[in-house]
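Place chain E on chain H using the hints.
Residue numbers (the numbering used here), protein chains in the order written: chain H, 2 to 348; chain E, 2 to 348.
It is possible that some hints are incorrect.
Some residues of chain H that are not near chain E, with every Cβ distance over 12 angstroms (derived) [unchecked claim]:
| # | residue |
| --- | --- |
| 1 | Ala12 |
| 2 | Val52 |
| 3 | Arg60 |
| 4 | Arg131 |
| 5 | Pro259 |
| 6 | Glu311 |
| 7 | Arg343 |
Now the in silico label distances, taken between C-beta atoms and shown as ranges [as the list claims (entries may be wrong)]:
| # | chain 1 | residue 1 | chain 2 | residue 2 | range |
| --- | --- | --- | --- | --- | --- |
| 8 | E | Arg301 | H | Asp341 | 56 to 64 angstroms |
| 9 | E | Leu207 | H | Gln289 | 20 to 28 angstroms |
| 10 | H | Asp219 | E | Ala279 | 32 to 40 angstroms |
| 11 | H | Asp8 | E | Ala76 | 37 to 45 angstroms |
| 12 | H | Pro324 | E | Gly215 | 49 to 57 angstroms |
| 13 | E | Glu326 | H | His229 | 26 to 34 angstroms |
| 14 | E | Pro324 | H | Glu101 | 52 to 60 angstroms |
Okay, derived cross-link-like pairs now, DSSO-like style, lysine-lysine, Cα gap no bigger than 30 angstroms in a straight line [claimed, not checked]:
| # | chain 1 | residue 1 | chain 2 | residue 2 |
| --- | --- | --- | --- | --- |
| 15 | E | Lys206 | H | Lys286 |
| 16 | H | Lys206 | E | Lys292 |
| 17 | E | Lys282 | H | Lys73 |
| 18 | H | Lys292 | H | Lys282 |
Treat the hints as calculated values from the structure; they're not laboratory data.
These numbers were taken from a predicted model, which means no experiment stands behind them.
The C-beta atom is built at its ideal place from N, Cα and C for all residues, glycine as well.
There are 2 protein chains.
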Amino acid sequence: MIVLPADRLRALGTAIFSAQGAPRDKAELVADTLVEASLTGHDSHGVRYFVRYSDRIRRGLVDVGAEPVVVKETASSALVDGRWAFGQVTALRVMELAAEKAEAHVVGAAGAYNCNHVGRVGYYTAWAARRGLVAMMFVNVGNQVVAIHGGLGRVFGTNPLSAAAPAGDAGPFLIDYATSVVAQGKVTIAGAENERIPTHWTRDKLGRLTDDPGDLADGGWLLPFGGHKGYCLQLLVELMGAVMTGSRSGLDPVGEPPSPNGVFAVAIDPEGFVGREAFKKRAEKVFQGVKTTTPEPGGRVLIPGEPEWETRERRLREGVPLPEETWRQITELAEEIGIDPRLYSAR
Amino acid sequence: MIVLPADRLRALGTAIFSAQGAPRDKAELVADTLVEASLTGHDSHGVRYFVRYSDRIRRGLVDVGAEPVVVKETASSALVDGRWAFGQVTALRVMELAAEKAEAHVVGAAGAYNCNHVGRVGYYTAWAARRGLVAMMFVNVGNQVVAIHGGLGRVFGTNPLSAAAPAGDAGPFLIDYATSVVAQGKVTIAGAENERIPTHWTRDKLGRLTDDPGDLADGGWLLPFGGHKGYCLQLLVELMGAVMTGSRSGLDPVGEPPSPNGVFAVAIDPEGFVGREAFKKRAEKVFQGVKTTTPEPGGRVLIPGEPEWETRERRLREGVPLPEETWRQITELAEEIGIDPRLYSAR
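This is chain H alone, in the form it adopts within the complex (with noise of 0.2 angstroms):
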C-alpha cells in the first residue's frame, strides 16, 4: 500500500483532468467526488477512476467541457440533458436543481440523461443534506451485471440508492448502497486482492453458488440484497433512473459509453413540515436512542453514514491507501500526459 494526503490526491487529480482540457472548476468538481469516494473507504469509487475517467475521455466518450442544459421546467422540477458531460458535473447540476426549488417550494424533482458515470451517489444527496434538506437519488446504470430475484443471468445494472438528511449532532445520516448485495467494484478489489467473496454476493455464469471473485467478470452476476424487498428497489431505482428520465436501461441494447447512468433527485425542505430546527433536533434524538441500543454479542451499533464519517476522519489525519498497482497505473497515467506525479506525492 502507497499512503498520500487527500489533498496532494485532490491535486493530482485536478492536474490530471486539467490537462486533457477540463475546464478547472469541472476538474476540481470530479477530483473532489473521487478522492471524498476515497476518504470515506468508498476505495471502489475512488482516486482508481483517475485512471478510468482519463480513459474515456480518450474514447470520446466524456465530453470534458460540456455543460449540462434543462430540458423542460416547473417551478418545482427540471429535467436535464447531460450532453455527455463528466457524469459528477450533471448529477451535482441535477441536485442544485432539486434543492434549489425545494428551497423555494418545500419540495423539487429533477432528473437526468445522457449522463456519464457520476461516482459515489452520496455525495450529492450528502450536499443537500449539509444544505439543511433530506435528499434521495436513485441512479440506474445501463450496464447488466445484476440478476433479478428468482432469475437468472444479468439483467440490470448495481443501480444504487441514495439519501441524506440533517441530524444535528447525530449526522448526517447517510444512506449511500447498490440495490445488489455488494457494488461491482467491491468484487473487483475482492478479486485483485486475492481474496474469497461470501457466496451470497454473486452467480457464475451457470447459476452456480460461488466464492470466487474472477466469477463475476467470466459471465456470473451479482444478486440484489435482501430477497425480494431489495429485487423491489432494483426496480424502483431503474424505474425513476431510467424510465423516468429516458436514460438507457440495463434492458436496451448495450452502446457507448459502457456504463451511462440515468440521474434522478428528490429534494425536501423540512421548513414545509415541522420546521428544519425542530427536524434536525428530532432526528438527532432519534439517533441518539439509536446509539443507546444494547449491541448484538461482539457487534456495534451505527447510524447509516458513521462508518464512513469515521473513515473520513481517520484518512484525513493518516492519509489515503492505495494498491500499488492502482498508485502506479495514476503517475504512469500522470507520466503520459505530461504531469511529474512526484510533485503530488510528497508528504
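Relative to the frame of chain H, chain E by itself:
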C-alpha cells in the same frame, strides 16, 4: 375457512362502521381499504380489522366523523393534522394532496401527524398510479416491535414503505412492504394457525434464534430485512414518517393510540420528465423484459404487485377466505351493534 364474496364484506364493513357513527363516505372508504387488503392476499391487514378498529372506536381513539385539516401549505406541499380521524381518511387525503400538487407542478409532497392506523399502504400509492403518477409513501409506526441491525430489543415499528407506478399492460407496479423481514400480522397469523416461522424473522426476548411465532408476543422482536441495507430504509421511513411530520417515533414514550402512523407521500407526474405516455410504454417494456428472464430452477419471475393482482382476481371470482375465528369475531361484533351478519354472508 369461511369463504365470502368481497362485495358482501364491503357492505358489512360499511354497515359496521356506519352503525358506530361514521359518515357513509368514511365508512365506505375504511371498509374498501380492508376488503382490498383481503382481496390482494394481505389478510393481516384485511377485514379482521373490522373488529380491531371497532375496539379503537369504543376506546375513543378514532374520531369517526373527523376531517383531517391542512395546517401548512405551499403550491407543492402540505402538512396535515389528521385529528385522529380514521387513518384511512387521513392517508388518502395526504396522497390526494401530493397527487393534486404533482399534477399542477410535476412533484408534490404531503405529510400527516395525529393519524390513526392507515392499513395497507399500497392502497394509496396504487390509487396515485391509476391516476398516471409515480408515488411513494413512508409510514412510521409509533409502536416498538422491530430491532435495529446489530442491536438487541424492540426499537421501531414495522415502518412500511410503498411505491407504485403506471406500467401499461405490465402493471401496475406496486411495492408495499414492512421494512422488517415480515409484517407483524404475518407472525400473528402463523401463531393462530399453529405454524413454525423461519428463524430469520424474529428473535426471542433474550435475542436467541426461534421458529416459534409465540415468542414475538412474549417480549421478542422482528428483525429488519436485508441486514444493514434494510436497516437504512427502516430509519429513512422513521425520518420521513415521524421526524418530518412531528408524529410519534418508535423511541418516544408509549401512549394512546397504541400504534399511531406518521405518513409522508411524494407524487411525481412523468409529464414533467419523459412524458406520461412514454413513461407507461417504457415501464411496460422494462417489465416485459424482466418477465422473459429465465427463472431459477423451480422458480418464477414476478413483477412487484403481480402476486397481489393474481390473488385479487382469484378472490374476486372465488371469494375471500376467512379463518373461522375471524368470522366469529366479526359476527359477534355485528350482532352487538345491531347488524344481522346473515344479511351479508349469503352467497
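Hint by hint, here is what the structure shows:
Here H:Ala12 stays apart from chain E, with its beta-carbon at least about 34 angstroms from theirs, past the 12 angstroms limit. A cut-off of 12 angstroms between C-beta atoms confirms that H:Val52 is not in contact with chain E; the least separation is 29 angstroms. Look at H:Arg60: its CB is around 28 angstroms from the nearest CB on chain E, clear of 12 angstroms, so calling it non-interface holds up. Consistency note on H:Arg131: stated as away from chain E, and its beta-carbon is indeed over 12 angstroms from all of that chain's, at 16 angstroms minimum.
With a cut of 12 angstroms on Cβ distances, H:Pro259 stays outside the contact zone with chain E, its closest approach being about 19 angstroms. With 12 angstroms as the threshold on Cβ separation, the claim that H:Glu311 sits away from chain E holds: the shortest Cβ distance comes to roughly 15 angstroms. No beta-carbon of chain E is positioned within 12 angstroms of the beta-carbon of H:Arg343; the least distance is around 40 angstroms. In this structure the supplied range 56 to 64 angstroms holds for E:Arg301 paired with H:Asp341, their Cβ-Cβ distance being about 60 angstroms.
Between E:Leu207 and H:Gln289 the C-beta distance comes to about 25 angstroms, which sits within the given range of 20 to 28 angstroms. Range check, H:Asp219 to E:Ala279: Cβ separation about 37 angstroms, and the 32 to 40 angstroms hint holds. Here the CB-CB span from H:Asp8 to E:Ala76 is close to 44 angstroms, well matched to the stated 37 to 45 angstroms. A beta carbon spacing of about 52 angstroms between H:Pro324 and E:Gly215 agrees with the range 49 to 57 angstroms that was offered as a hint.
A hinted range of 26 to 34 angstroms holds for the C-beta pair E:Glu326 and H:His229, which are about 29 angstroms apart. The hint said 52 to 60 angstroms for the Cβ distance between E:Pro324 and H:Glu101, and at roughly 54 angstroms that hint holds. Straight-line distance between C-alpha atoms of E:Lys206 and H:Lys286 comes to about 25 angstroms, which keeps the hinted pair within the 30 angstroms bound. As the CA atoms of H:Lys206 and E:Lys292 are separated by approximately 20 angstroms, the hinted pair is consistent with the 30 angstroms bound.
At roughly 20 angstroms between alpha-carbon atoms, E:Lys282 and H:Lys73 fall within 30 angstroms of each other, so this suggested pair holds. The hinted pair formed by H:Lys292 and H:Lys282 meets the criterion: a straight-line CA distance of about 15 angstroms does not exceed 30 angstroms.
In terms of the numbered hints stated before, the structure departs from none.
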